[in-house]
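What follows is the residue order along each chain.
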Amino acid sequence: MDSGAANDPFPHRHLLGIEGLSRSEIAYLLDRSDVYADQARGAERLTLLRGGTVINLFFENSTRTRTSFELAAKRLGGDVINMQAQTSSIKKGETLIDTAMTLNAMRPDVLVVRHPESGAVQLLSEKVDCAVINAGDGSHEHPTQALLDALTIRRRKGRLEGLIVAICGDISHSRVARSNIHLLNTMGAHVRVVAPRTLIPPAMDRFGVEVFYDMRGGLAGADIVMMLRLQTERMHGSFVPSIREYFHFFGLDYAKLAVAKDDALIMHPGPMNRGVEIDTEVADDIDRSAIRQQVEMGVAVRMACLEALSREARAPVAP
Amino acid sequence: MSERVLFTNARLLDPASGLDRTGELLAENGTIAAIGPNLARDGVSEDVHIVDCAGCCLAPGLTDMRVQLREPGDEHQETLATGAEAAVSGGITTMAMLPNTAPPIDDHALVEFVGRRSREIGRTAIRTYAAATKGLQGRELTEYGLLAEAGAVAFTDGLRAIADALVMRRALSYASTFDLLIVQHPEEPSLGAGGAMNAGEIATRLGLAGITPAAETIMVERDIRLVEITGGRYHVAHVSTAGAIDAVRRAKARGLQITCDTAPHYFALNETAVGEYRTFAKVSPPLRDEDDRRAVIAGLKDGTIDAIASDHTPQDQESKRLPFASAEPGIVGLETLLPLSLELYHNGNLSLLQLVRALSQRPAEILRLPGGHLKPGAPADLAIFDLDRPWRIDVAALRSKCKNAPYDGRPVQGKVTRTVVGGRTVFGLEA
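Residue numbers (this note's numbering), protein chains in the order written: chain A, 180 to 498; chain B, 1115 to 1545.
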């Protein structure tokens, strides 16, 4: 049957990033995620991926993302193989491609890849026949995180369009920030980035975001306050002089939160540094914090992504 | 109970408003309440204390944006109190000290210490820069936000240039987060290393290693590129070369937030002052040649150089009585800042208002301090000086603890007769 690409709600072979996805494609993934989120727990095991293989290929340590993908694949009835690659002991580039070729020979259905270098996942995707999901590449993109953030917001606020979202912290080095900026802008939210200038990359104005160097301005009237992890290994006087100073000016506490909307939602992709970018009390505030819900939504979003891509992979290839 | 002082018979000088005429100024509770030609025409009430300025100039008190005081650490050379005592006699009502004390001022507790001591001393207001990098080591940034909240006026590594380009870029970028100022000592250290005086004929004749003027120009031009990409606020301290001044002139024309100052020795002296190894004429950056000295004056004339700062650097005998290359650089300058600067007026280079702008208005503006203006509501920080009184600089009579100045016996014209801080006379010349 000739379904045709025009009728396909998600006509992509891979999910390498949010940039380039259309509004309807993102909405489709979120809608499917919603379905899975509602049925997830206690539902009988699904069979979409039965007989299929998902390989988690992680060149960078991760617990929550890898576990989340694993759970998602298993709930869809697939087999999961986890591979934790040691990046330090191998030569990059050539070996990455060698690894890809080896894995490709095993004929998996989906490769889920995380890599510390921007662009590495795309490079790998060009060498394999199966679908590839980017589980985070360097400072470039982390599309499933942005989708689960969007799903969390949509379920709590009922919409994305028109919301003011303040993304605070290390924007420069954050793949989460980039994916979120692309997604939220595409969906019609108003995105702000808030950080000391050393943590804001050049040309942010080209991304359709408003830049703030102070929390008071950046959080004023915000619906969503999304905190990013400060990579403390980057501190030491180089981007930020000290944790003490960072927390004083950019750490989220109730005083800074006071200028945001009364029902502003607090989000964090984890893992959190309590007392660095976020005050413990705020992080644990069950009325305001959506941090645990984000983790929960992660599984549903990854099920939706696996579904969208494996369906695509199994579709007959046009001659 | 209000304290009111009326200054009469004064030549009022306010460069910000262009005011230059005889009149009166009323100070009330430490701030300027009124300025005008005839404030006393209807008589004054009895509680007003009247100061007759006898036709002297009355200007906003000088803001000296670059001084070294040796407290904490080297109190035998200068303390905050002796520095303030010297400053008031020079008409200086606010000064900003470098963080190169021992320990260096890179922590908010030390900034608060200076503020507290300044209030206790109650003379010239002493403000401090904070170190731009921890320990002035040029590597890790200090806590700019917290230091500024504690009262630091700006950030600099003092006598050391912030040499590493990446560190400077981050400093400018991080400072701009809080709209703070970075102040640079303009000398590329690898080119200045080992040098004792300006490179040129005299250095060659004396057999001293020279410091090329390019060391200054290169640093300033590099920094301008970094200001361009970071959007930071940047100030070059004590410019001494035509090249650096020209670079700043072009940067200003492009609209960058760049300012600079110079010190009296860069327009009052040139490298010939080194003579036969006179260590009192050793400064950093070094005294340059006559063309550069003229370029400094031209820069002041056209406003490229915003401010004149004393660059007050106390050095004791042990630091100066050494072979030239081993001697410490620096000149004490708090008490000679105004008379040496007035030479530019007396010889027709600058108007009086231009001069007051460089000594009072601009430095206060650059450091975002409240002084520098004669207008109602401004602090009653005033310098009253006899524009024409001739005298000779007597180094032995300087109030500063150290006497390292190459000006002994130099005839100058213009003397401070009274200095007022917060409406209160803190220095008065005996008639």
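Check the hints yourself; a few may be wrong.
What the hints assert, rightly or not - Far from chain B, by Cβ distances over 10 Å, these chain A residues were calculated: (1) GLU239; (2) ASP393; (3) VAL419; (4) ARG423; (5) GLU424; (6) ASP466; (7) GLU475.
Unchecked claim - Here are the simulated distance ranges between beta carbons: (8) A/GLU198 / B/PRO1484: 29 to 39 Å; (9) B/GLY1249 / A/GLY449: 31 to 41 Å; (10) A/ARG395 / B/GLY1236: 33 to 43 Å.
Worth flagging that the hints you see were computed from the coordinates, not collected in a lab.
In this text, a Cβ means the ideal position worked out from N, Cα and C, and glycines have one as well.
How the hints compare with the structure:
no.	hint	verdict
1	GLU239	26 Å, holds
2	ASP393	8 Å, violated
3	VAL419	7 Å, violated
4	ARG423	7 Å, violated
5	GLU424	4 Å, violated
6	ASP466	30 Å, holds
7	GLU475	35 Å, holds
8	A/GLU198 / B/PRO1484: 29 to 39 Å	49 Å, violated
9	B/GLY1249 / A/GLY449: 31 to 41 Å	36 Å, holds
10	A/ARG395 / B/GLY1236: 33 to 43 Å	35 Å, holds
In this structure, the hints that do not hold are numbers 2, 3, 4, 5 and 8, in rising order.
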